[in-house]
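With my numbering applied, the sequence shown covers 343 to 701.
Note that these hints are calculated values from the structure, not bench results. Glycine included, every Cβ here is placed at the ideal spot set by N, Cα and C. Check the hints yourself; a few may be wrong.
As the list claims (entries may be wrong) - Cβ-Cβ distance ranges computed for the label pairs, FRET-style:
no.: 1; residue 1: H634; residue 2: T562; range: 39 to 47 angstroms
no.: 2; residue 1: R563; residue 2: V429; range: 16 to 24 angstroms
no.: 3; residue 1: R594; residue 2: L645; range: 41 to 49 angstroms
no.: 4; residue 1: G541; residue 2: W500; range: 15 to 23 angstroms
no.: 5; residue 1: R693; residue 2: L590; range: 32 to 40 angstroms
no.: 6; residue 1: T348; residue 2: L492; range: 35 to 43 angstroms
no.: 7; residue 1: D505; residue 2: P390; range: 19 to 27 angstroms
no.: 8; residue 1: T562; residue 2: A481; range: 24 to 32 angstroms
no.: 9; residue 1: L645; residue 2: S620; range: 31 to 39 angstroms
no.: 10; residue 1: S504; residue 2: L441; range: 32 to 40 angstroms
no.: 11; residue 1: L388; residue 2: R563; range: 34 to 42 angstroms
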Amino acid sequence: MTDQRTEEPTPRRRDEARRMGEGVGRSQELTMAATLAMAALALPALLPAMVGTLATLLRTAIVEMGDGRLPDGRLLDRAGQGFGQGVAIVLPLAVAIALAAILANLAAGGFVLSSAAVRFNSSRLNPIAGLRRIMDRQALMRLGLAVAKLVLLLLIGWVTLSDSAPRVLVLGGAEASETLRVALAAIGNLSFAIVIFMGVVALADFVVQRRRAQGQLRMTRDAVRRETRESEGDPSLRVLRRRRARELAFSRMMAAVETADVVVVNPIHLAVALKYDSLTMRAPRIVAKGQHLMAGRIREVALRHRVPIVQDVPLARALYGRPLGAEVPPQLYRAVARILIVVHTARFGRRVAAARAGR
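With the sequences and hints as input, model every part of the structure.
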């Protein structure tokens with residue numbers, strides 16, 4: 343069927359989709375897993391300092407207010423100082439989480455800056471279309487997956503914390519440092535389990551989103567043909583241009599045979615025309631070559647214009663392997679020089695004989 347998307351997307355289709363912000367295959371689960379992993383790594387290192395700073399601020403405020411050393415006018419100043427210190431502690435964690443989210447998006451689909459994705463579209467305000475998007479099969483599937491993920495996260499949390507709960511409950515009269523250590527260990531175990539689970543979910547979602555994006559980019563055969571016509575022109579015209587180019591190249595090569603110095607043949611299958619001008623060329627040059635029918639045409643043109651034809655099977659094969667317009671390689675200088683000497687000597691003899699006959 344021509345209306346089925348069975349063809350791989352062309353480079354032009356990929357570029358257009360990327361400009362529109364489509365076909366990238368973004369995975370929200372991958373971004374969430376990356377941010378959770380960064381938080382799990384950074385929070386244990388920052389949490390003691392955060393708790394210590396908060397405890398110090400509260401202790402200082404309680405002592406100063408209880409002793410009456412903190413006037414009412416200084417209360418807001420103390421609150422502002424405490425807020426500034428809290429921001430200074432939380433800011434590294436926020437920056438690390440934001441950096442993890444940015445890197446995850448770059449790893450998933452690269453840097454894509456598209457104004458079309460955020461451009462105002464009045465059709466998005468249509469309540470009927472919005473309700474249809476909410477109630478479609480993919481939306482219901484996403485809702486079901488979200489509920490299943492929440493249930494699994496709760497199950498992981500219950501299994502992980504069930505081992506640490508008895509130890510936390512017996513620490514009612516323990517020191518704060520011991521309580522904090524046990525709590526941090528429990529939080530670390532829970533964070534590790536959640537990160538592993540979210541990593542597996544993110545990997546699966548990344549594969550699914552990438553395949554879905556590639557499927558959306560696929561094209562029908564008619565679309566591929568239409569794009570090929572638009573970019574390269576009509577196929578019949580393209581064939582005609584190629585045929586004319588071949589005819590023009592053939593005409594130029596036959597014209598070069600007319601002024602060649604010699605044609606080396608093998609003796610039926612190959613023909614190579616050579617030309618040498620000591621004033622403009624460093625070495626003899628291959629101006630025409632062909633095999634089978636083309637070799638026959640080269641011989642016909644050479645005979646018609648009295649270009650010498652020399653049979654040399656090894657030399658013809660060696661010269662035919664060189665590209666058209668190339669110079670004769672140094673290892674063939676001696677063989678070609680012998681032929682050119684014979685040809686030019688014979689040509690000079692004919693000219694002398696013609697001059698004597700004219701007298």
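Cross-check of the supplied hints:
1. H634 - T562: 39 to 47 angstroms: 42 angstroms, holds
2. R563 - V429: 16 to 24 angstroms: 59 angstroms, violated
3. R594 - L645: 41 to 49 angstroms: 20 angstroms, violated
4. G541 - W500: 15 to 23 angstroms: 20 angstroms, holds
5. R693 - L590: 32 to 40 angstroms: Holds, at about 34 angstroms.
6. T348 - L492: 35 to 43 angstroms: 38 angstroms, holds
7. D505 - P390: 19 to 27 angstroms: At 23 angstroms between Cβs, range holds.
8. T562 - A481: 24 to 32 angstroms: Holds, since T562 and A481 (Cβ atoms, about 27 angstroms apart) stay within the stated range.
9. L645 - S620: 31 to 39 angstroms: With a Cβ separation near 26 angstroms, L645 and S620 fall outside 31 to 39 angstroms, so the hint is violated.
10. S504 - L441: 32 to 40 angstroms: 34 angstroms, holds
11. L388 - R563: 34 to 42 angstroms: 57 angstroms, violated
Of the numbered hints stated above, those contradicted by the structure are hints 2, 3, 9 and 11, listed in ascending order.
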